[in-house]
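A.B. asks: If you want the building blocks of each chain, they are given just below.
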Amino acid sequence: MSADPTQVLAFDTNCHLFDGCGFADVSPGLHSFMFQPLWGDGDSNVYFNKTMLLALLGSIIIVGFFWAAFRRPQVVPGKLQMVAEAGYDFIRRGVVYETIGKKEGEKYVPLVVSLFFFVWMLNLWSIIPLAQFPVTSIISYPLVLALIVYILWVSLTFKRHGFVGFWKNVTGYDKSLGAVLPLAMLIELFSNLLIRPFTHAVRLFANMFAGHTLLLLFTIASWYMLNGFGIAYAGVSFVMVIVMTAFELFIQALQAYVFVLLTCTYIQGALAEHH
Amino acid sequence: MSQLLIAASEGENPLVPPIPELVIGLLAFVIVFGFLAKKLLPNINKVLEQRREAIEGGIEKAEAAQTEAQSVLEQYKAQLAEARHEAARLRQEAQEQGATLIAEMRAEGQRQREEIVAAGHAQIEADRKAAASALRQDVGKLATELAGKLVGESLEDHARQSRVIDRFLEDLEEKAEAAR
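So the sequence lines, in the order shown, correspond to chains A and B.
First residue of the first sequence: 1, per UniProt numbering; consecutive thereafter.
First residue of the second sequence: 1, per UniProt numbering; consecutive thereafter.
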């Protein structure tokens with residue numbers, strides 16, 4: 001990780017305001033989202049880095065939490081079980097039942113619950129000390145989740161509506177549109193089949209990417225300006241670090257929620273009668 | 001900026017997914033999904049169902065208890081009403097009995113009074129008769145004596161004597177009757 005000089009922690013550099021050192025030399029950028037392999041070779045496709053470690057650790061934490069809470073659940077719940085039940089119930093009732101409905105939605109509850117807690121955990125790494133990197137700001141992670149949802153959506157639509165029904169559903173076929181029907185169908189086709197999985201993944205990725213960049217920016221700036229009367233600016237910047245950390249905490253949960261809400265909306269669209 | 005340029009020149013694009021991360025991401029998610037979907041969520045669903053049943057059972061029990069309480073209350077109310085009715089009936093009966101008792105006692109008192117009065121009357125009559133009979137004898141004797149003295153002869157003949165006396169007394173009685 002520390003092979004690249006820009007991968008060191010902000011406080012490890014001696015670059016400060018008024019020292020003739022430019023902020024560009026320390027400012028966050030794309031390089032902040034690239035990690036040297038902890039193991040293996042970065043040039044080949046066989047390596048292990050920090051984001052992978054965090055992703056797997058996140059899995060273990062989620063499974064560990066729910067294992068502790070739900071391994072031997074009681075009818076009269078303990079504290080941990082109550083907390084876990086509240087989270088489970090929130091997704092089950094608040095997201096799945098609300099969008100897909102109780103009867104059809106029950107089957108997808110495990111998937112949606114897993115998605116929500118997985119995404120939330122990966123987002124949460126952003127503000128967990130020492131980790132401090134949102135795993136979902138690497139496009140691979142949101143993309144693989146969006147692809148799972150996309151494949152599920154396509155296969156469900158096929159199963160429910162058959163071959164013709166699938167294309168009607170995907171193109172939003174509606175005779176009443178008249179002359180604009182071909183154009184509408186083309187747009188719908190692109191929107192549903194090509195752009196949707198992309199936006200689904202990028203919405204999460206971009207939010208986390210931007211959030212992490214902001215946090216980095218204010219953190220690095222706080223250190224960079226800590227020189228002479230720049231201390232006053234550094235103070236403001238540091239207050240922003242605190243504020244943005246709190247804001248990120250909110251955004252992380254919100255983006256996880258949005259991700260599963262969209263998942264449910266897509267599943268619901270696949271199950272619904274086409275218009 | 002130099003690093004940015006390097007990154008760009010290396011063709012690093014944050015929207016191009018690195019393949020190993022895709023694989024690990026999939027693996028990490030499958031771990032979570034596998035545990036949750038196969039073991040932990042079925043676990044909790046079973047318990048949630050049990051809890052729902054327990055709560056419904058509790059509600060049913062409470063309803064049964066309430067129904068029983070209601071029936072017991074009705075029973076008590078009925079008993080209370082019956083008791084009130086009985087009490088009223090008893091009071092009525094007592095009043096009636098009291099009234100007959102008073103009437104009976106009054107009748108008895110009347111009867112006794114009449115008896116006493118009658119006994120008094122009989123006594124008076126008997127006394128009167130005794131007195132009359134005694135008087136008759138005395139008057140007869142006196143009159144005979146007087147007559148004997150007056151006439152100078154003894155009216156020893158008993159038969160005549162009593163005849164004279166009887167006639168005299170009858171006259172006397174007639175006079176008394178007329179006077180009444």
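A portion of the hints provided could be inaccurate.
Stated by the list, open to error - With the Cβ distance kept under 10 angstroms, some of the chain B side facing chain A (calculated, not the full set):
no.	residue
1	Phe29
2	Leu36
3	Pro42
4	Gln50
Said to hold, decoys possible - Pair ranges (Cβ atoms, derived):
no.	chain 1	residue 1	chain 2	residue 2	range
5	B	Ala37	A	Gln36	29 to 37 angstroms
6	B	Ile19	A	Leu249	39 to 47 angstroms
7	B	Gln50	A	Gly40	17 to 25 angstroms
8	A	Asp174	B	Glu63	48 to 56 angstroms
9	B	Ala62	A	Glu104	21 to 29 angstroms
10	A	Val239	B	Gln50	49 to 57 angstroms
Hints are computed from structural coordinates only; laboratory data are not their basis.
Built from N, CA and C at the ideal position, the CB exists for glycine as well.
A.B. asks: Each hint needs a verdict: does it hold in this structure or not?
C.D. replies: The hints, checked one at a time:
About 5 angstroms separates the beta-carbon of B/Phe29 from the nearest beta-carbon of chain A, less than 10 angstroms, and the hint is met. With 10 angstroms as the threshold, the beta carbon of B/Leu36 comes within range of chain A, its nearest partner Cβ sitting at about 5 angstroms, so the hint holds. Annotation: B/Pro42 was flagged as interfacial toward chain A, and the flag holds, the nearest CB pair being 9 angstroms apart, inside 10 angstroms. The beta carbon of B/Gln50 comes within 5 angstroms of a beta carbon in chain A, closer than 10 angstroms, and the hint placing it at the interface holds.
Taking 29 to 37 angstroms as the suggested C-beta distance range, the pair B/Ala37 and A/Gln36 conforms, at roughly 35 angstroms. Between B/Ile19 and A/Leu249 the CB atoms are about 31 angstroms apart, so this pair departs from the stated range of 39 to 47 angstroms. Roughly 48 angstroms separates the CB atoms of B/Gln50 and A/Gly40, a value that falls outside the hinted 17 to 25 angstroms. Between A/Asp174 and B/Glu63 the beta carbons are some 52 angstroms apart, a value that agrees with the proposed interval 48 to 56 angstroms.
Remark: the range hint 21 to 29 angstroms for B/Ala62 to A/Glu104 is contradicted by a beta-carbon distance near 34 angstroms. The supplied range of 49 to 57 angstroms is met by A/Val239 and B/Gln50, whose beta-carbon atoms lie about 50 angstroms from each other.
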